[in-house]
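S.K.: Could you slot chain Z onto chain X? The hints should help.
As they're listed, the protein sequences go chains X and Z.
Residue numbering for the first sequence follows the working numbering, starting at 11 and increasing by one per position.
Residue numbering for the second sequence follows the working numbering, starting at 377 and increasing by one per position.
For the record, the hints were derived by calculation from the structure and aren't laboratory data.
Fair warning: this is a prediction, and the values are worked out from it, not measured in the lab.
Please note: incorrect hints may appear among the correct ones.
As the list claims (entries may be wrong) - List time: in silico EDC-like cross-link candidates among lysine to aspartate or glutamate, alpha-carbon distance up to 20 Å:
1) Z/Lys418 with X/Glu54
2) X/Lys13 with Z/Glu420
3) X/Lys83 with X/Glu27
4) X/Lys119 with Z/Glu461
5) Z/Lys418 with X/Asp36
6) X/Lys119 with X/Glu66
7) Z/Lys433 with Z/Glu461
8) X/Lys83 with X/Asp39
9) Z/Lys418 with X/Asp32
10) Z/Lys418 with Z/Asp462
11) X/Lys119 with Z/Asp462
12) X/Lys119 with X/Asp36
13) X/Lys119 with Z/Glu479
14) X/Lys80 with X/Glu66
15) X/Lys13 with Z/Glu432
16) Z/Lys454 with Z/Glu479
17) X/Lys80 with X/Asp39
18) X/Lys80 with X/Asp107
19) X/Lys13 with Z/Asp462
20) Z/Lys433 with Z/Asp462
21) X/Lys119 with X/Asp96
22) Z/Lys418 with Z/Glu479
23) X/Lys119 with Z/Glu420
24) X/Lys119 with Z/Glu435
25) Z/Lys433 with Z/Glu420
26) X/Lys13 with Z/Glu444
27) Z/Lys459 with Z/Glu472
28) Z/Lys433 with X/Asp107
29) X/Lys26 with X/Glu71
30) Z/Lys454 with Z/Glu429
31) Z/Lys454 with Z/Glu432
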Amino acid sequence: AQKITQTQPGMFVQEKEAVTLDCTYDTSDQSYGLFWYKQPSSGEMIFLIYQGSYDEQNATEGRYSLNFQKARKSANLVISASQLGDSAMYFCAMREDNTGANSKLTFGKGITLSVRP
Amino acid sequence: EPEVTQTPSHQVTQMGQEVILRCVPISNHLYFYWYRQILGQKVEFLVSFYNNEISEKSEIFDDQFSVERPDGSNFTLKIRSTKLEDSAMYFCASSEQGRLRTEAFFGQGTRLTVV
Numbered sequence: 011a012q013k014i015t016q017t018q019p020g021m022f023v024q025e026k027e028a029v030t031l032d033c034t035y036d037t038s039d040q041s042y043g044l045f046w047y048k049q050p051s052s053g054e055m056i057f058l059i060y061q062g063s064y065d066e067q068n069a070t071e072g073r074y075s076l077n078f079q080k081a082r083k084s085a086n087l088v089i090s091a092s093q094l095g096d097s098a099m100y101f102c103a104m105r106e107d108n109t110g111a112n113s114k115l116t117f118g119k120g121i122t123l124s125v126r127p
Numbered sequence: 377e378p379e380v381t382q383t384p385s386h387q388v389t390q391m392g393q394e395v396i397l398r399c400v401p402i403s404n405h406l407y408f409y410w411y412r413q414i415l416g417q418k419v420e421f422l423v424s425f426y427n428n429e430i431s432e433k434s435e436i437f438d439d440q441f442s443v444e445r446p447d448g449s450n451f452t453l454k455i456r457s458t459k460l461e462d463s464a465m466y467f468c469a470s471s472e473q474g475r476l477r478t479e480a481f482f483g484q485g486t487r488l489t490v491v
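Chain X on its own, in the form it takes in the complex (with noise of 0.2 Å):
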């Protein structure tokens, strides 16, 4: 089974709009991490933010917040006030803690994200 999905094809988003980007995880564990991270088209990964499975508040990084919903285990990205700047591919990914001292982050098929001006 994928442990991330993102199944959302490309997605439009007009400027200055908010848009929400859909993860789903799978995992047995009861501790683990998920993070989100851009990757614009001149390749690099940027990571933008973080949730634990333990937090009680959705986290939040500016104009991203992450609307986290254990029993449904999923975790989707919001950005708020589109830009220009955001378009890219989004990928979600997952740490598990029964991987070890050194867990790997598990990654999605990412979405495409464009936004229109």
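M.R.: Same frame as chain X, but now just chain Z:
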């Protein structure tokens, strides 16, 4: 701001040749990783490294691959005999800790093209 540095940014090599991809992790980080991304696909874990040994490797990381930390700053990925299907973007990442909360910082990647 400290960053992970990878060289070269792009490498073209002939099938069967050896390549070494280089990375300089962030200086106070102790945990190192290699990931790869075949064009248009998801990022896949290759190997993690801590305390001068491999912590975990994926099934992609077969005998053709090796990693090394030859000195206090560099972290290298060697592919002994490249195949066409090794063509991908290779990312090095490092983190201060290996724990859940700690984000991994990625380098800009090395695009490897095997011809």
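S.K.: Run the distance test for lysine 433 of chain Z versus aspartate 462 of chain Z: straight-line Cα separation, threshold 20 Å.
M.R.: holds, 16 Å
S.K.: Against the 20 Å threshold, does the CA-CA distance of lysine 454 of chain Z and glutamate 429 of chain Z hold or violate the hint?
M.R.: Between lysine 454 of chain Z and glutamate 429 of chain Z the Cα gap is close to 15 Å, so the pair holds against 20 Å.
S.K.: For lysine 80 of chain X and aspartate 107 of chain X, compute the direct alpha-carbon distance and say whether it is at most 20 Å.
M.R.: holds, 16 Å
S.K.: Straight-line Cα separation of lysine 119 of chain X and glutamate 420 of chain Z no greater than 20 Å?
M.R.: holds, 10 Å
S.K.: Run the distance test for lysine 83 of chain X versus glutamate 27 of chain X: straight-line Cα separation, threshold 20 Å.
M.R.: Distance ~26 Å between lysine 83 of chain X and glutamate 27 of chain X Cα, so the pair is violated.
S.K.: Next pair to validate is lysine 13 of chain X with glutamate 432 of chain Z; report whether the Cα-Cα distance is within 20 Å.
M.R.: holds, 18 Å
S.K.: Starting from lysine 119 of chain X, check that the Cα of glutamate 461 of chain Z is at most 20 Å away, please.
M.R.: OK: lysine 119 of chain X and glutamate 461 of chain Z at ~19 Å, within 20 Å.
S.K.: Is lysine 119 of chain X close enough to glutamate 435 of chain Z, meaning Cα to Cα at most 20 Å?
M.R.: holds, 19 Å
S.K.: Does lysine 80 of chain X pair with glutamate 66 of chain X here, judged by a C-alpha cut-off of 20 Å?
M.R.: holds, 10 Å
S.K.: Verify the proposed pairing of lysine 119 of chain X with glutamate 479 of chain Z, using a straight-line Cα cut of 20 Å.
M.R.: Holds: lysine 119 of chain X and glutamate 479 of chain Z sit about 19 Å apart, inside 20 Å.
S.K.: Does the alpha-carbon distance linking lysine 119 of chain X and aspartate 96 of chain X stay inside the 20 Å limit?
M.R.: holds, 18 Å
S.K.: Is lysine 418 of chain Z within 20 Å of aspartate 36 of chain X, Cα to Cα?
M.R.: This hinted pair holds, its Cα atoms lying about 17 Å apart.
Hint violations for this structure: numbers 3, 6, 16, 19, 26 and 27, all remaining hints satisfied.
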